[in-house]
Amino acid sequence: MPGRMKLGLLLGTALTTIGFTTAAPAQEVKQDSKMSVRAAGVTNVTQQLLDNAAKDSNNFLHTNGNYAQTRFYPNKQINTSNVAKLHPAWIFQTEVKESMETSPIVVNGTMFATTSYSHVYAIDAKTGAELWHFKPKLGAITTYCCGPNNRGVAVADDKVFVATLDAKLVALDAKTGNVVWEQKLADPEDGYSETMAPTVVKGKVLIGTNGGEYGIRGFVRAYNAADGKLLWNFDTIPENSVGVWAARDATGRDMHRDIDAEKAQLAKIGDPYKRLGGGVWQNPAVDLATNRIYFVVGNPSPDLDGSLRPGDNLYTDSLVSLDLDTGKYVCHLQYIAHDVWDLDAVSPVVLVDVADKSGNTIPGVIHAGKTGHIYVHDRKDCSLIRFSDAMVAQENMWTLPTKEGARMLPGANGGVEWSPIATNPQAHMAYAINLHQPMTYQVESSPYPGGKLWLGGAFKVIPTEESFGNVTAVDYNTGKIKWQVKTPEPMIGGILATDGGLVFTGEGNGLFKAYDANDGKVLWQFQAGAGVNAPPSSYTVDGKQYIVVGAGGNTQIDFKRGNNIIAFTVD
Amino acid sequence: MLRLATATILLICLGTGARAQSIEEKAEVCGACHGENGIPLEKDIPIIWGQHAGYAYLQLRDFNKGVRHSPRMSPIAEALSKDDMTALAEYFEKKQWPKLPQPAAGGTDAATANRVNASIGCTGCHLDQYRGDGSIPRICDQSHDYLLKTMLDFRTRKRANNPGMSDLMNAASEDELKAMAAYLAGL
Chain A
1 MPGRMKLGLL LGTALTTIGF TTAAPAQEVK QDSKMSVRAA GVTNVTQQLL DNAAKDSNNF
61 LHTNGNYAQT RFYPNKQINT SNVAKLHPAW IFQTEVKESM ETSPIVVNGT MFATTSYSHV
121 YAIDAKTGAE LWHFKPKLGA ITTYCCGPNN RGVAVADDKV FVATLDAKLV ALDAKTGNVV
181 WEQKLADPED GYSETMAPTV VKGKVLIGTN GGEYGIRGFV RAYNAADGKL LWNFDTIPEN
241 SVGVWAARDA TGRDMHRDID AEKAQLAKIG DPYKRLGGGV WQNPAVDLAT NRIYFVVGNP
301 SPDLDGSLRP GDNLYTDSLV SLDLDTGKYV CHLQYIAHDV WDLDAVSPVV LVDVADKSGN
361 TIPGVIHAGK TGHIYVHDRK DCSLIRFSDA MVAQENMWTL PTKEGARMLP GANGGVEWSP
421 IATNPQAHMA YAINLHQPMT YQVESSPYPG GKLWLGGAFK VIPTEESFGN VTAVDYNTGK
481 IKWQVKTPEP MIGGILATDG GLVFTGEGNG LFKAYDANDG KVLWQFQAGA GVNAPPSSYT
541 VDGKQYIVVG AGGNTQIDFK RGNNIIAFTV D
Chain B
572 MLRLATATIL LICLGTGARA QSIEEKAEVC GACHGENGIP LEKDIPIIWG QHAGYAYLQL
632 RDFNKGVRHS PRMSPIAEAL SKDDMTALAE YFEKKQWPKL PQPAAGGTDA ATANRVNASI
692 GCTGCHLDQY RGDGSIPRIC DQSHDYLLKT MLDFRTRKRA NNPGMSDLMN AASEDELKAM
752 AAYLAGL
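Just so you know, the sequences run in chain order A and B. Residues in the first sequence are numbered from 1 upward in steps of one, following the working numbering. Residues in the second sequence are numbered from 572 upward in steps of one, following the working numbering.
One should not assume that every hint holds.
Said to hold, decoys possible - Derived pair list, reagent style DMTMM-like, types lysine to aspartate or glutamate, alpha-carbon separation capped at 25 Å:
1) B/K729 with A/D305
2) A/K403 with B/D746
3) A/K97 with B/E661
As the list claims (entries may be wrong) - Derived coverage of chain B by chain A (criterion: at least 3 residues anywhere in the stretch with Cβ under 8 Å from a Cβ of chain A; other residues may be distant):
4) 622-630
5) 653-663
6) 667-679
7) 725-735
8) 744-756
Treat the hints as calculated values from the structure; they're not laboratory data. Just so you know, even glycine gets a beta-carbon here, dropped at the ideal spot from N, CA and C.
Let the hints inform the model, and build the full structure from the sequences given.
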């Protein structure tokens, strides 16, 4: 053995023998950094303002527009007849040139937007001038899938709430960006992280967690908005996760489960709930009338290998409803039991009135799945009323993953990925952006690796087959596709519908477009210089309507990175 | 020079009993293989200067726990406390990543590497330009031999501390990984 190595060994032994002590290290004081250009004159965001967001044509107060998450902006000023004249009002460049998934929030002319690595910016929504910039000092360990993203803040009273990549929930003073309180949510070393925007309602900050690729046990929690104390916790994986041994998915397709083998495995290893996954990484919807929340739960861990997790794996890949005050379970519907394709439920649910099976109008909840269907439920008991025609090609569903790789469509990104849909509740229309990415699914079993990536195999995009995307308009009362426009790239980010008859969405090649909501005709487009892979927002300042969107590209699909937030107006 | 410094440490430790060491002194052990100026002394030893602290900490932790094995690293890591490992990881993160004399990859290797990335999604975790962050290592401009050895060790599961990486390495052929190593080393 070379001399140097002997030295290393010798030292190692010496250190052990002598009892190597650690001095109190002279450590750099870890501090979040904040720059304040001037204090933002921020309006107090009352519960009443938040409740009435669906009718608010000035502000954009929620990640998805309002508590129902319709992403329908009630302003006609920008419309089909003048959108061709849309042009940048200002372009704000953040410090972070990396994937951007933020939904900008606007409160009376002050915009709050986030970047990768959980930065928060307060920006003058009229001029694009920076008001303050909060930069959290993240811990050394951050464990996340699919990019260091952040999907936005929530606002309530005088505070701005953000969740960070190192699994913390932070409340900031809306005027200054100073930290008011900070709460550790979970240990990143165990695979937890945050990329979602919180939702705040009646003094409660609602937050889920990432980690379906890391063997976590998922949760949705409510924290006190005033001081960050935990109010309630809901485990998305119950201790009895086995369920009913469903052989078919919610659409009735056979999932080719070997139930006997699973039951034998269950007898051997017991309920796998502790490491079963089930992250909730998009906003819940809030039903103010019944005081309930609705959300969808992500995939089981490990994604591809079902052999280690017998049973239906409740409540992964499910719609779930809880009581807002107590966090107690009300109902659920599982889309895919014992998922081995990572086709988890993630696009945030929308509360809209829907036609039931007899044609009566009832309160409903809809969700656009990675499977490619829009699912329509009865809000009362989560039961499924109908599912739409598939928005993307479906082939060989549900071929089981193999060691060599089995081809199936949709690929593991869907369908519809995390991207929120937009709706027009009056017209009972939903607008979704889709991915067509042929993939092979490879399975390889390995034991829980202690907070490390745990896919149980791999997904491979088939390079010789075409990948593309769609923008699809679906009538959710009939389940029929009204129009569909193909895009050259798979679509990921988000979409906004407005009362001006428009639908806005962007593409990985940098194009941000306005479509006629009626027929999908492209009425305007703009080259943003980086992938437009974030949900657009809209707002009004001094009587003028703006459309705003982040253009920072995307890590997961590897779209060109940027650091732009662009606001547009007509004239 | 190194022998003198090391001998001094040993003497101090032996002479005065348990004395608190500065981080620079603790890190001198590392320089013996990883290089006093950050350039590793052998081709199959990785650059650690400028590596992300989260990843470096996790490797030390895995060596310490025996989840990852190396005849050279294991005894060193086994002697470290959690605070030591954290401090060392943070110490080396602040150093400047050295430039190794490794040529940019040729067109064929680059094309293969990009095809593999489009298929498996390496930059989905290793991020733009393979710079990494937090718990995900920077792999651009890393030592070529170390890169190739690592990918192949993951592939055979000889390196067993990240089965997810093992699965992903098995989704590519050995030839593809050779091209990837050449490409990454030349970035």
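A quick look at each hint next to the structure:
{"no.": "1", "hint": "B/K729 with A/D305", "in the structure": "holds, 21 Å"}
{"no.": "2", "hint": "A/K403 with B/D746", "in the structure": "holds, 19 Å"}
{"no.": "3", "hint": "A/K97 with B/E661", "in the structure": "holds, 24 Å"}
{"no.": "4", "hint": "622-630", "in the structure": "holds (count 5)"}
{"no.": "5", "hint": "653-663", "in the structure": "holds (count 6)"}
{"no.": "6", "hint": "667-679", "in the structure": "violated (count 0)"}
{"no.": "7", "hint": "725-735", "in the structure": "holds (count 4)"}
{"no.": "8", "hint": "744-756", "in the structure": "violated (count 0)"}
The structure fails hints 6, 8 (numbered hints given earlier, in ascending order).
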